[in-house]
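First to last, the protein sequences are chains F and R. For what it's worth, our numbering labels the leading residue of the first sequence as 1, then goes sequentially. For what it's worth, our numbering labels the leading residue of the second sequence as 1, then goes sequentially.
Simulated from the structure, these hints should not be mistaken for lab results. Some clues are possibly wrong.
Stated by the list, open to error - When the alpha-carbon atoms are kept at most 20 Å apart in a straight line, the in silico EDC-like pairs for lysine to aspartate or glutamate are as follows:
| id | chain 1 | residue 1 | chain 2 | residue 2 |
| --- | --- | --- | --- | --- |
| 1 | R | K24 | R | D179 |
| 2 | R | K42 | F | D126 |
| 3 | R | K90 | F | D6 |
| 4 | F | K137 | F | E203 |
| 5 | R | K64 | R | D31 |
| 6 | R | K27 | R | D53 |
| 7 | F | K20 | R | E72 |
| 8 | R | K90 | F | E54 |
| 9 | R | K133 | R | E194 |
| 10 | R | K90 | R | E60 |
| 11 | R | K37 | R | E60 |
| 12 | R | K236 | R | D213 |
| 13 | F | K20 | R | E194 |
| 14 | F | K20 | R | D68 |
| 15 | R | K185 | R | D157 |
| 16 | R | K133 | R | D157 |
| 17 | F | K20 | R | E60 |
| 18 | F | K137 | F | E159 |
| 19 | R | K90 | F | D50 |
| 20 | R | K37 | R | D68 |
| 21 | F | K137 | F | D164 |
| 22 | R | K236 | R | D53 |
Read off the chains here:
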Amino acid sequence: MITIVDYGLGNIGAFANMYKRLNLPTTVARREADLDGATHIVLPGVGAFDHAMELLNASGLRDPLDRIVADRRAFVLGVCVGMQILGDSSEEGTGRGLGWIGGRVRAFAGHPAAGRLPLPHMGWNDVVPARQTRLFKGMENYARFYFLHSYFFDCEQREHVLADADYGFPFPCAIGCRNVFGVQFHPEKSHHWGASLLRNFAET
Amino acid sequence: MLRPRLIPCLLLHQGGLVKTVGFKDPKYVGDPINAVKIFNEKEADELVVLDIDATVNGVEPNYKLIADLAAECRMPLCYGGGVRSVEQAKRISGLGVEKVAISAAALADPALVTRTAAAIGRQSVVVVLDVRKTSGFFGRGYQTFTHNGTRPGPQQDPIALAAAMEAAGAGEILLNSIDRDGHMKGYDLQLAREVRKILRIPMTVLGGAGTHDDLKDLFQACGVVGAAAGSLFVFKGQYRAVLISYPSAQQKDEIGSAASSLVTTFG
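Just chain F, same shape as in the assembly (with noise of 0.2 Å):
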């Protein structure tokens, strides 16, 4: 079963309307039992990182992720700030992340390649696969994607980086290790391509 962790940020609604148009079933979770069935864990996340990273830690389901992570129980895709907290820490905040995925979150404002680019990035960007990976099946030579962020997901090892944007610069916008994804856009606002994405993570 699919299902979408509700911690008190993102918007569920948006990826339980995209699922149903696919004809997949989604859940919600919010407590512990709510992971029992889940095979394909969706962790969404909007606004800072410390906050995010404290109403997760707030609302019993980290442990819970934690286990089902390190047993690979299931899979896992952040999206977002929750993309953004399945690394070890972020410049935009003191707290942890949840280390799922090596690596730092990094502003764009202390990069010398976007100094003078507007910030947020907002809008929709050209998304290029950097390696075969089953989350860009059909969009190996074409896909966009609707972003809307201030920091990106600097990852400790290349080979985890399965997609880059380019925004001044090439940053990792889908990362993943074993069975935890994440993409730093919103393919639960990115029209026919993110609705491609979330059957192909449904389908990994």
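Following the hints, position chain R against chain F.
Just chain R now, kept in the frame of chain F:
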């Protein structure tokens, strides 16, 4: 490469969608949910929905309608109209709306922008500046208005006002030309260029687009910005028959190619 955004702007009035001219004479153009469904199918970049009654009538936003719109909308959605508190903005954001637009309340109290940005994230706070070109002898000849263009806003140059809103925590400025609204004769490029120059945050321009060339002119003048339009996407032909349209993917790429540069000259 980041693309400029082409954004249909829908006006809510007495439960239906309308299109105005110079902020007056609302003409009924259809049902809001139905319009969202059409723009879903046409894969619009974003959608802006403004309730033009809420602030004027001093009423709460129509949360039921906003929830229905957000549930239907498969592209990023910006809602504006009647928002004057952090609680309202949080509630709207919680309904699944990506961006909350504030105008009169933000201009009256810039600290509201700061508090709203802290609550729902800066990227989700849009400040709308409704600007009218004046023939007066003062300043740059622009005056900001609120309450559907009926009340003068702060006696401050709109360009300085845009900068002040950015400093207060706005994530985007929606620059709307009152006198060009509905006339379909092109954007106020001079004003758009001047505001773009001083902003670090993204900007969307509304008011005046009548053809795809008008969109291209804006991108040529301002680079990668949002081009919002009402009439252009809801009317067809010289008799303004109601027919929702939106550029095809190919047309969109062609229009967007006019944006030669990402980099603006701010700072």
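Given hint D53/R paired with K27/R - CA-CA distance at most 20 Å: Satisfied, since the Cα-Cα distance of roughly 14 Å is no more than 20 Å.
Are the Cα atoms of K133/R and E194/R separated by 20 Å or less? Distance ~14 Å between K133/R and E194/R Cα, so the pair holds.
Given the hint that K37/R pairs with E60/R, does the C-alpha gap stay at or below 20 Å? Between K37/R and E60/R the Cα gap is close to 25 Å, so the pair fails against 20 Å, i.e. violated.
Does the structure keep K20/F and D68/R at a Cα separation of 20 Å or less? Since the Cα atoms of K20/F and D68/R sit roughly 16 Å apart, the hinted pair holds (cutoff 20 Å).
Given the hint that K20/F pairs with E72/R, does the C-alpha gap stay at or below 20 Å? Given that 20 Å is the threshold and the Cα spacing comes to 12 Å, the pair holds.
For the pair supplied as a hint, K137/F and D164/F, is the alpha-carbon distance within the 20 Å limit? 15 Å, holds
Measure nothing beyond the straight line between the CA atoms of K20/F and E60/R; if it is 20 Å or shorter, mark the hint as holding. With a Cα-Cα distance of about 31 Å, the restraint between K20/F and E60/R is violated, given a limit of 20 Å.
Between K236/R and D213/R, does the CA-CA distance stay at or below 20 Å? 16 Å, holds
Would the hint linking K20/F and E194/R be met if the CA-CA limit is 20 Å? 45 Å, violated
Could you grab the alpha-carbon distance between K90/R and E54/F and see if it respects the 20 Å cut-off? 18 Å, holds
Is K42/R close enough to D126/F, meaning Cα to Cα at most 20 Å? Roughly 19 Å between the alpha carbons, so the hint for K42/R and D126/F holds.
Hey, K90/R versus D6/F, does the alpha-carbon distance stay inside 20 Å? 16 Å, holds
Hint compliance for this structure: hints 11, 13, 15, 17, 22 are not met, and every other hint is.
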